[in-house]
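Using the sequences and the hints, build the whole thing.
Protein chains: 2
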Amino acid sequence: MLRVDRMEIIPVLGIGLAKEGDDVAELIMDGVKKSGINLEDGDVVVVAHSLVSKAEGKIVKLDEVTPSHHAIHLAKATGKDPRHVETVLRNAAKILRIGHGVIICETHHGFVCANAGVDASNSGGEAFLITLPDDPDESAHRIRSGLRRLAGVDVAVVITDSWGRPFRKGAVNVAIGCSGINPLLDLRGRKDLYGRVLRSKIICVVDQIAAAAGLVMGEADEGTPAAVVKGLQYDKTNIPARTIIREEDEDLFR
Amino acid sequence: MLRVDRMEIIPVLGIGLAKEGDDVAELIMDGVKKSGINLEDGDVVVVAHSLVSKAEGKIVKLDEVTPSHHAIHLAKATGKDPRHVETVLRNAAKILRIGHGVIICETHHGFVCANAGVDASNSGGEAFLITLPDDPDESAHRIRSGLRRLAGVDVAVVITDSWGRPFRKGAVNVAIGCSGINPLLDLRGRKDLYGRVLRSKIICVVDQIAAAAGLVMGEADEGTPAAVVKGLQYDKTNIPARTIIREEDEDLFR
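Listed in order, the protein sequences are those of chains V and Z.
Position one of the first sequence corresponds to residue 1 (the numbering used here), numbered consecutively onward.
Position one of the second sequence corresponds to residue 1 (the numbering used here), numbered consecutively onward.
Among these hints, one or two may not hold up.
[Unchecked claim] Listed next, the stretches of chain V that the computed footprint assigns to chain Z, with coverage defined by at least 3 CB atoms under 8 angstroms from CB atoms of chain Z:
(1) 6-19
(2) 30-42
(3) 113-125
(4) 132-143
[Claimed, not checked] Where chain V lies over chain Z, by a calculated footprint (3+ residues, C-beta under 8 angstroms):
(5) 76-85
(6) 135-142
(7) 153-163
(8) 177-183
(9) 191-197
(10) 241-247
To be clear, the hints were calculated from the coordinates, so they are not data collected in a lab.
Beta carbons: idealized from backbone N, C-alpha and C, even for Gly.
Here is the structure:
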């Protein structure tokens, strides 16, 4: 029989609702223990940005937002709350498209996503919005250091959000921050099954990890904001997720 | 301790190189046995389209392709072999963008991807190209029926390809065909962690499954054209993957 390397994706249950100032690594370790997971060197810990954003205080109270004229105008076009649109505009470096109830933005990080990542789900109720962490790679680095300190393990950390995309319906979990992993796997120069040298193949490993974890990380009421991936072989070179961003002049759709 | 549902992703090793007329379900069952995998009801079998395409004879001999004037012109613009470009054009219903060495097409199925899914990797050598199956949902259905017949199991089948996308570098595995599964999970109406009703959340489950399997299904010389996902809860309603395609008038980037 062949030697088969199984990969396991284990939801981290029992993580409580985070509040500003919480240590995300502690919240995760608490869930890891409750879930009976044996966290080991080389595991990948996947964390929903909502947990990170809350701990980092990236919550906006709608009551405290005064919408600009531009936001009021866009709110009419998109059917959104003007204060929600104002928050989107504050988190956007550029607006790319408007339509079908969404504002496709380039965020200050350079990510292209709907509504600049500003979300009303899991924000804490109707009166609040949640925004992306200021520097998700730095957040991932902090969580990774925290897990090393708390559990003595060297893991990779991937921070995710659930985003729609052009051409295809439905959102998929993608990576917005990472630490302890090379987000891209460059296969160029390696050979295919028939010995032909691959010329253009680069795989976005962290987006595949994010999507895989998305299968066990619910966003609805049973919400599970973290998962542990075991048994994955990956390049441990520490390269930030912001390197995934395709430069505008190499992008055919911006 | 909490009850944790682990998900496992197991590469199917030992599948030989496929040739036209091969029964894909037989090839997969052969690998499943060699890999010591216990295929069970409810598992998801993920298959790279290259295996399916080869068995379905979707291989193009470059020698037999006569490029049109249009193909010769585009070949100069993209640095590709004119016969490769001709094959792309024959597999495209529409060209959306040209640049950076790729021709972004809408395929006859309606998928938007680079080079209409025509690939020189794993095609059988420099003299060949591989194209997408004519009807990947039907291919998935046939494989699923074959696995039921051969192994007496009721599984879901997802057929994948590895595609680049706008805004983000690197390819990810996506679903181009499926059977025995609802590709989209509609969470609208369910409540978030704080009891707020989700208004817009639809998850593309099969793309997340494809990406997860992509982590163990290498494209380089160690190539593993199939994987088995165990322990995933999914909606078994049989809906084709073509329903993932975002209609042009709902797409902000076409």
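Outcome of the hint check:
1. 6-19: Coverage by chain Z holds here, the residue count being 9 at a Cβ distance below 8 angstroms.
2. 30-42: holds (count 4)
3. 113-125: holds (count 6)
4. 132-143: Per the Cβ count (0), the hint is violated.
5. 76-85: With 0 residues close enough to chain V, the hint is violated.
6. 135-142: violated (count 0)
7. 153-163: Our answer is that it is violated, as 1 residues pass the Cβ test (under 8 angstroms) against chain V, missing three.
8. 177-183: violated (count 1)
9. 191-197: Held - the segment 191-197 of chain Z has 6 residues with a Cβ nearer than 8 angstroms to chain V, which meets the minimum of three.
10. 241-247: holds (count 4)
Hint check: violations occur at hints 4, 5, 6, 7, 8; the rest are consistent with the structure.
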